[in-house]
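Asks: Residue numbers (the numbering used here), protein chains in the order written: chain A, 1390 to 1499; chain B, 188 to 300.
Treat the hints with caution; some may be incorrect.
[To be verified] As a list, the in silico DSS-like pairs of lysine-lysine whose alpha-carbon atoms are at most 27 Å apart:
(1) B:Lys-244 / A:Lys-1486
(2) A:Lys-1445 / A:Lys-1491
(3) A:Lys-1457 / B:Lys-265
(4) A:Lys-1430 / A:Lys-1491
(5) A:Lys-1445 / B:Lys-265
(6) B:Lys-229 / A:Lys-1392
(7) B:Lys-244 / A:Lys-1445
(8) A:Lys-1406 / B:Lys-244
(9) A:Lys-1457 / B:Lys-270
(10) A:Lys-1445 / B:Lys-270
(11) A:Lys-1430 / B:Lys-270
(12) A:Lys-1406 / A:Lys-1486
(13) B:Lys-270 / A:Lys-1406
(14) B:Lys-265 / A:Lys-1406
(15) B:Lys-229 / A:Lys-1491
(16) A:Lys-1430 / A:Lys-1392
(17) B:Lys-265 / A:Lys-1486
(18) A:Lys-1457 / A:Lys-1430
No wet-lab data here; the hints were simulated from the structure.
Residue strings, one per chain:
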Amino acid sequence: ELKVEQNPLFLSMQEGKNYTIYCNYSTTSDRLYWYRQDPGKSLESLFVLLSNGAVKQEGRLMASLDTKARLSTLHITAAVHDLSATYFCAGDPPYDKIIFGKGTRLHILP
Amino acid sequence: EPEVTQTPSHQVTQMGQEVILRCVPISNHLYFYWYRQILGQKVEFLVSFYNNEISEKSEIFDDQFSVERPDGSNFTLKIRSTKLEDSAMYFCASRDGLRSPLHFGNGTRLTVT
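Chain A extracted, bound-state conformation (with noise of 0.2 Å):
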């Protein structure tokens, strides 16, 4: 069964600086997705990432996803404030069952 873990899992970091989350996964995805979760809030999509090479960019955010590697990564530029939330990748086996991480818990500071 697909395994999918996150590192790290909890991430404090400054404004302005850059870092990237990892998100490797254990057999076969079919596709690769990203969600940000504010504390007690819904989860909101962020990124679909359909095949290998795939990459999506949204303001400060970047997804990528190598499927030899079995991995996909979330890089953020110059973060700032507003970022903070929890980070979920999520993998989708050929079966209706998307299964997610542990989630990124990140915290930027001013």
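Put chain B on the given structure of chain A with help from the hints.
Replies: For chain B alone, coordinates are given in the frame of chain A:
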């Protein structure tokens, strides 16, 4: 923008009681899901539902759980005899196809006392 709606937002129940959590998925979506999240931790898959039947279910989704789409718009999760460990945030989600992301509702916080 269309959204998934869940009711109630908070449900308190006593151990052993039955609860029904309700969801209205986005109207043109075909695939429906329930997830739960305990104390802001991992988002755990419970069940997926398509074409009026369960597609997949997890080990958590035992005989105490059931899902139903009673009327073409609502999608419900029933827990027959709640346990303390069922306390969690329950999220309903839907999507229009298997290559699309899930759209989540705002969740129902279930507290079992």
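Asks: Against each hint, give a clear statement of whether it holds in the structure.
Replies: Do the hints match the structure? See the list:
no.	hint	in the structure
1	B:Lys-244 / A:Lys-1486	holds (8 Å)
2	A:Lys-1445 / A:Lys-1491	holds (22 Å)
3	A:Lys-1457 / B:Lys-265	violated (40 Å)
4	A:Lys-1430 / A:Lys-1491	holds (16 Å)
5	A:Lys-1445 / B:Lys-265	violated (38 Å)
6	B:Lys-229 / A:Lys-1392	holds (12 Å)
7	B:Lys-244 / A:Lys-1445	violated (31 Å)
8	A:Lys-1406 / B:Lys-244	violated (41 Å)
9	A:Lys-1457 / B:Lys-270	violated (42 Å)
10	A:Lys-1445 / B:Lys-270	violated (42 Å)
11	A:Lys-1430 / B:Lys-270	holds (24 Å)
12	A:Lys-1406 / A:Lys-1486	violated (35 Å)
13	B:Lys-270 / A:Lys-1406	violated (45 Å)
14	B:Lys-265 / A:Lys-1406	violated (46 Å)
15	B:Lys-229 / A:Lys-1491	holds (5 Å)
16	A:Lys-1430 / A:Lys-1392	holds (24 Å)
17	B:Lys-265 / A:Lys-1486	holds (20 Å)
18	A:Lys-1457 / A:Lys-1430	violated (34 Å)
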